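Just so you know, the protein sequences line up as chains R and Z, in that order.
Going by this note's numbering, the first sequence opens with residue 1, and the numbers climb by one from there.
Going by this note's numbering, the second sequence opens with residue 1, and the numbers climb by one from there.
None of these hints come from the bench; they were simulated from the model.
It should be emphasised that the depicted structure is a prediction, and the values quoted were computed from it without experimental measurement.
Backbone N, C-alpha and C define an ideal beta-carbon position, used for all residues, glycine too.
Take these hints with a grain of salt, some might be off.
If the Cβ cut is set under 10 Å, some of the chain Z residues that face chain R in the computed set are [stated by the list, open to error]:
1. Phe47
2. Ile61
3. Tyr312
Chain by chain, the residues:
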Amino acid sequence: MAKFLDKLFPRSAILVLVLLTLAAVVGFAVVGHLVTRYNANRQARGRRLYAQGLADLNSGNAGKALEELRAALTSDPSNGQYELSLGRALRDTGRLDEAESYLESLWQRTPEDGTINLALARVAARRGSINDALRYYHNAMYGVWASDADGNRRKAQTELIEFLLQKNALAEARSELVALAASLPPDPVLQLRTAELMLQTHDYGDALAEYERILRVDRGNAAALAGAGETAYRAGRYRTAQDYLQAAVSTNSTDANLADLLASTNAILQANPFARRISDAERNRRLAAAFDDAGQRLTDCAQQRGISLAMVKPAASSLSASPGLASPLASLESRWLATKPELRRLRYEEENDLPDVIMDLVFAIEQQTAQDCGEPQGVNHALLMIARDRDTADE
Amino acid sequence: MKDLTTASAPVTARAEHPVRFRGPRRLFEAFEDVFDEESFFLIVCVFIGIFSGLAVVCFRIAIDWTHLALLGPLPPVHNWRILVVPSVVGLVVAILVVHVFPAIRGSGVNQTKAALYIFNGFIPFRTAIGKFLCAALAIGSGQSLGPEDPSLQIGASLASVLGRQLKLSREKLRLMAPVGAAAGLAAAFNAPISAVLFVIEEVIGRWSAGILGSVVLAAVASVVVERWFLGSEPIFRIPVTAFKRPSELIAYLVLGVVGGVAAVIFAKAIGFLRPRLKAMPRWTQYFQPAIAGLLIGLIGYFGFPQVMGAGYDYMDQAMHGQYVWQLLATLAVLKILATTLSFVSGTPGGMFAPALFVGAMLGGAVGGVERYLFPHLVGSTGTYALVGMGVLFAGFLRAPMTSVFMVLEVSGNYEIIVPVIVANTFAYLVSRSLEPIPIFDLLTRQDGLVLPSLEEEREEAILRVEDAMLSAPAIILSAADYIDAAERRIGNSAQTIFPVRLQPSGWGAITREQIERRFKEGKGEHTIGSLISAQPLPSLYPDLPLDSALRFVQSCPIVPVVNRANPQKLEGIVTSQSVFAKYAPPRRD
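Chain Z extracted, bound-state conformation (with noise of 0.2 Å):
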């Protein structure tokens, strides 16, 4: 590595001072040769994933030790413990969030997203310590939350503070938040291509080739020092699930609609509520999430703790068949009603393990419901319930990749991949037809941030180099045609300009002028390949963006468009007019 700033200015003042080659020892300066800044922030890149592996760690164990303390083993129904808890510990989170952290409300996927469109990557590291201990007593306390997003937050904020002491350039610094992120995400997960697709779906909100690399490197080796630590097993252990007739797939079909509406219902409440209570009075915001406590604690007071906290034991039974469906139904309402109190209330915490429970559960209700209506289907509970959580991480985070990868991962199972594809489709177009704006966008919009997301990339109808094409002119030209033939072949035609098929290849443009003023300048024996310049003209593929055309119109009269198999045949030509027109906004007649 020559520089470590050598790509673009620094960020900070510090970071002005130039990184030199003048260490004494001769041994560094020899290896130094080898970094690039492009090979070191990849290196940079593992060691996010490593320190935020970590991170998760120790926040996993924080959340575990904080629930066995504050409620025990075993779940406390019936308890004054299980009101008391949420309640105060509420009280406490959010004067913590008031007073220390502000900016760690909520889940933390947003907050990254900024840091990466708006703060060129910039997370204070006050943040990771806020989320880290709030959310560890929130989640711990029996909050209906996940952690998730959290662990995605630490992470990011984590790999920004990293960024900032390197003292990398503007551009690795802004890609340090999605990284850590992934990094986050996967170790919490314990699935590293779902926490890369979700990053590259919900906070990088574009596909981007440039940052893959970096973003699969920090994930995986994040994963790996997670498992290093608490094992390889997977988050649940997964009952055998198994598909066998096609037919079925049209019971899967129904689970996709229903958790697409459960989603919708879902994003809804936390829609409505969310700038409600936001618009409260301040002093509120110190009873807010030990309201959202008490409520959530006598729901699980009166016979339901299971929606207490994240609740990956309770799908881990739904999954292994033990919950009635009607259980599990009332289970799915509980969750979204109390989730959505603790969200709206402010508490830090996740939503990925809210989303997951709601649709295990709405899941494994809707297979009870369709096994008690036609027997002969045999997809167990634990199928469907696998299923259904990957339908509401689809319909609800709209995430319709990460949400396929995400159960296939989980459950280490392909043979479910078509009923998994199905249902989550069918509940991403659902859910997207009812509510347009999926939840992450919603929350952005309401906290007056407008960021790029891929579902407006979706939207977005790209324009290419074919959509400005004017077709091939009638006349074309070689470089090997003398000046007086030509000129002879031009004759009377309206056509101004002629593109010129080069030798051996390329394309080059001649105006009729050029060739007239020739001819009568007696040179009609030259041809036309002495009057053009060597250097062809840029060439274009239709299938381009237009963007790439942007380049070449304004120095170029036209610039040829050709056929990707054979470069010597003119599909057409770009002007800048043609070029413009198309960029022009509709006319209002």
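Isolated chain R, as found in the complex (with noise of 0.2 Å):
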């Protein structure tokens, strides 16, 4: 055949080079036949090592896992699933190095993709950087994602939230949170982890308002209504917050938590001097009585920490066995003893400042003894709370 080609064609370089040709086809159609099974060979391989890997993953086995996730992604190293799950792995066994190193390597392929941005974000989370994990969490909210767009989009929104939320970065958590519940769609459950997180951002308008979204369709929402009586409570609008907490109560009587904000604000209501439409025997009754409960509360923490103060012994006035505490607590008391004659004069004068000097020391007597002796209990607490709540209450 050679031959008779030879002399048919004699080594014209034409020829030759229709020859090399022909050669080069059936060279790529045979490599390519092969490439084609050892390429299936691979992938097979890859997602058998793939699906052993994860096994392994879920069942604890966390190092035998990791070399399974890598020879699968050894096996088909252009597979980014294998890839960005190695990098979860990795992350998740606490290798931050290694991890990151993996997805953005991914990320530098496909910087646009959400899955990607929120497996970095969570890298950067658990590194505590909050630069970088703002930027990948917002990479991932505006980002190109499979499925579920929106849904992974608030995901990786919520998580940001929650992330600033430990790293105390309220005002980026509240800015965040009012783009969420902008975007959130009538689902109660979506609305009620919002509003859960606007009070924790202590945004307590937006997150009644978002409470009061829900129960505007739904108004035996239990969890809106504890939330709502919770936030009310927090906020000071605690007749608010008593008409939530008495209906939350009323659909969940066994809930403790409840029953003893409820209480505490039954208390703050019955014992605020201030509150509005309350008669001027019922003020100056409420001041007294708050008066003699900061001064027994003085006392009591005196005693609590080993004070001697003049309203116990009045011979032994501003001795102490702790300096540091005595001082505060004396000062306090001496206040008290000078204020108490001045009580009489609530019957007799009216528009005086009487009464906001009384809950002045009030109010600085609870707060010292909170600081000193604990959270109090009861009255004291509402004293306590009504303090805090001088100016923002509304009731």
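Need the complex rebuilt from these two chains, each delivered in its own frame; the hints are there to steer you.
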């Protein structure tokens, strides 16, 4: 055959090139077939190892799982899913540098991918790096998602808010929450979670509004009632809190926390001398009661700390076992003793500043004793809450 | 292509049949004129690239399948297989090497170089087959060797076979080996520029513009084929690398120095052990690869399977910060040991991948230590590992240009070019100062061959025209000068020959005797131009190699050396005496 061809086309350059081309085509076909089989084999092996790796990861065998995931990735290096899973597994086992390295190389290829950005954000969050976490969470929120884009974006934003709360970055968390609330669908679960987060950021106004949005649709939503009650309570809106908490307790009477919160609310409402729509006599009564309760709290606290005060032992006034503590308590005792004779004036004088003077002292005593002897209970707790919310109390 | 053999004599007897245009097809004849040998050769280079690419793709698949079949997909630590497989396969490979493929021992770079300089480009096809089979078996079974050098030799062998079949001229046939080598290496590395540079630095051993085009064409064609089948992903998934502070160059400089020392230790170990093992009785050659395999298996068995095989996956993991610096340093030391054992035992396989492995581990370790000592350093472990690869390449293989481009091509990141250059330069200088002979030269010398190398060329002082140039004569005549005026001008000067400035350009020369004779003949009113040949003398430039003057000094009494910017300005002259004096050996007074 070769001789025949040689005679027909004797060593022609064209013939040589045609033959070389034919040889190359045959080579491509053979190698192509081989590579197809090879790739199929590799991918099958990759899938097998990946499945084993995930199974081992779920069963807590992280070391073996990582080996298998790595081998899966070696078998199919272009498979981003394997790389992502390996990165996540490394992150979850605390090997943050390696995880970041794998995830960043994925990110380089698809910087817009929401999943990869979320994974990187979680690495940054575990490192405590606010700037990186913010960057990757935002990338995830505005990135491309293969499915349920809105849900995944909300999930990323919620995670970011939780991370910011963890880092006590309340202002940043609030601004994220505002954006999140604006894009929420009418889903009570999501609204509840958002309201809870708002409550954690001390954004009581927006949290209460969110709870009320849920209650407008579902008046009996126990979680929303409880949340609204707690939010109103924290906002110092005790009347509102009382309404919501009463409704919440009536729907869920077994919740001890709710009952305590309601009791505290009731105590505040009954002890608050600044409440509107009460008579002067009632106001004076509350002032006097608050004054006495504060005096008693001061005495109890001093005793608890082993300090002798004039109210207990007048001769030993200002003696202290602990000078550091005795000084503010003794000073408050002096003020309390000096103010006590003034209480009589409450009955005779109107439009004077005595109620403010009394309550200033009461608040000072409650705050100081709370600092020295721990959070009070009952009426004293109510007085402390009134003190804290004095400027914001609306009822 | 009028005749494929017109350029020079054919190499083989079969080639003596001239390639003629007597095809019966007019269509063919119409196309034949398009091709001269040069353009035909370039097209053949593309085909060499294609065939080499196909062969290397198959080679890589063969290694992977062998590895999977013999060792499984996961590192078999504490498994008997890791001891038995490299030993048994080592024995099989040894039998094949001793009895069937004796020319495939070692890496293949020197054999390709020898083919170029000694055997007129001849590499038997058996070498390609043997290298393919044995290197795939050896690397797949865990011997600490790489697939790049074998790919280089497979490519060179295929090119040589094709060149012989096409009955190319001797000159072209010689070039086939480096062309195929570049194609094979480019496909193995997925890095065409590095492959071209390496072939120029290590195989050809000289910078030659003539071959560059064909080597590049073959390398690019093979990479295209390789990417076609195996994808365009680089060998490593490069992590994010960064170089931000110039002060960090000091850290990379330290890496360069450490890498240079490690490269010398690596090279010395091979240089010391290889001739001793080769000198052992012939029967021991059957067992040397097996014993090397067993020892490497032991290293793997006791918890370091990373040193087995080419180790690309582990380099990748090192670059992704998976290992602490202590482990990286251990792996670098063990890899030097394992590769030395594999290589000196005569197992076919390459040293590129091991050099990269050692470099990556060493780079990561040095980076880890430096970051431990100086926490403000920002370079990641991956960056140091990447730079480390180039460091060992520069220090061990002594291919500084290739080392820089290899890192850049592999990483696709030009941000780290400065650290790479700094570290590689220091590694190269340290290695060169501690061990003047590069590893490939050492191996060729051990094999009793003397081949040129770029390293030697770097050492050579090149003689230039200016070295032999005499200063311009005091009297320079013009072609328009009259003979009587010239006769008066030359007067009693000692000068016997005078450069003549021709019009409008060029230079000639006239002797005193010629001028005086014409003057006495009463031809004083004639011009100098009428006495001398209209053909100007050849002229030279001061920066040309002195070799270029050799062609003229025998036939011309003087050769003008002119200014490149103004050829009418005479810088000086060279004569046969002044030129030959420069080539004379130094006198021993």
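Hints and how they fare:
{"no.": "1", "hint": "Phe47", "result": "holds (5 Å)"}
{"no.": "2", "hint": "Ile61", "result": "holds (5 Å)"}
{"no.": "3", "hint": "Tyr312", "result": "holds (9 Å)"}
Figure legend: structure checked against the earlier numbered hints; every hint is met.
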